[in-house]
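Taking the hints into account, I'd like the entire structure generated from these sequences.
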Amino acid sequence: GQQVMQIPQYQHVQEGEDFTTYCNSSTTLSNIQWYKQRPGGHPVFLIQLVKSGEVKKQKRLTFQFGEAKKNSSLHITATQTTDVGTYFCVGKIQGAQKLVFGQGTRLTINP
Amino acid sequence: KAGVTQTPRYLIKTRGQQVTLSCSPISGHRSVSWYQQTPGQGLQFLFEYFSETQRNKGNFPGRFSGRQFSNSRSEMNVSTLELGDSALYLCASRFGETGGANVLTFGAGSRLTVL
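Protein chains in written order, with our numbering: chain P, 1 to 111; chain Z, 1 to 115.
Think of the hints as simulated: they come from the structure by calculation, not from any bench. Every residue, glycine too, gets a C-beta built ideally from N, C-alpha and C. Be aware that one or more of the hints could be misleading.
If you only want the chain Z side, here are some residues facing chain P, beta carbon under 8 Å, derived [what the hints assert, rightly or not]: (1) Gly-42; (2) Leu-43; (3) Arg-55; (4) Asn-56; (5) Phe-60; (6) Leu-90; (7) Asn-102; (8) Val-103; (9) Leu-104; (10) Phe-106; (11) Gly-107; (12) Ala-108; (13) Gly-109.
Structural data, given as structure tokens:
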């Protein structure tokens, strides 16, 4: 069925190291969103990507949407302890009123 | 404006009981969706309501049901609770289905423990 695979499931880094999580869809997406959930908190919207090949930056975070609109990535440069949490993607299936969710990547950081 | 409000925030039930959770979306948002979150399974989609109609449904048994009222508030019900139903239940609202209206705003969740 339609789904989004997100990898890795877990990532532990030293503070200052970079971090990347990837989402791959089995079907074309009309857009993809990224959310962050802090430990004990609820998901909070980070960004939405709509255009093929789109790249957006938010300070140390870089988001990319693939040319085929089937994959996306979130890259954090020089992680800080405030980056701890679970990051997950949400894609909207093209031509359908349906959202598909990545399983999330849990990021932990050693200070 | 007020965010998405979920009640109750915490509850404990025993196996076989039933539970009803409530979600009040952001004013003006017409869509409410529900999710189950567990450490092992991540975020699992339950169902979505748009203008009182169920638009999408995830792969959950019929024990899980929901509804949306004319004021967009939504409830979900789980009957005959099982131990495996212990989870954080999140609801999210969105204004529409295109562009910026497509963004989900999540509530703080209802944490259900089944003993």
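Results of checking the hints against the structure:
With a least beta-carbon distance of about 4 Å to chain P, the hint placing Gly-42 (chain Z) at the interface is held under the 8 Å criterion. Because the smallest distance between the Cβ of Leu-43 (chain Z) and any Cβ of chain P comes to about 5 Å, under 8 Å, the interface hint for this residue holds. Taking 8 Å as the C-beta contact cut-off toward chain P, the hint placing Arg-55 (chain Z) at the interface holds, the least distance being around 6 Å. Restraint check, Asn-56 (chain Z) versus chain P: the minimum CB separation of about 6 Å is within 8 Å; hint holds.
Against a cut-off of 8 Å between C-beta atoms, the interface hint on Phe-60 (chain Z) is violated, since the closest Cβ of chain P lies about 14 Å away. Interface restraint check for Leu-90 (chain Z): the shortest CB-CB distance to chain P comes to about 6 Å, inside 8 Å, so the restraint holds. Taking 8 Å as the C-beta contact cut-off toward chain P, the hint placing Asn-102 (chain Z) at the interface holds, the least distance being around 6 Å. Given hint, Val-103 (chain Z) at the interface with chain P, holds; its Cβ is 5 Å from that chain's nearest Cβ, closer than 8 Å.
Because the smallest distance between the Cβ of Leu-104 (chain Z) and any Cβ of chain P comes to about 7 Å, under 8 Å, the interface hint for this residue holds. With 8 Å as the threshold, the beta carbon of Phe-106 (chain Z) comes within range of chain P, its nearest partner Cβ sitting at about 4 Å, so the hint holds. Restraint check, Gly-107 (chain Z) versus chain P: the minimum CB separation of about 6 Å is within 8 Å; hint holds. With 8 Å as the threshold, the beta carbon of Ala-108 (chain Z) comes within range of chain P, its nearest partner Cβ sitting at about 5 Å, so the hint holds.
Annotation: interface hint on Gly-109 (chain Z) holds; nearest CB of chain P at approximately 6 Å, less than 8 Å.
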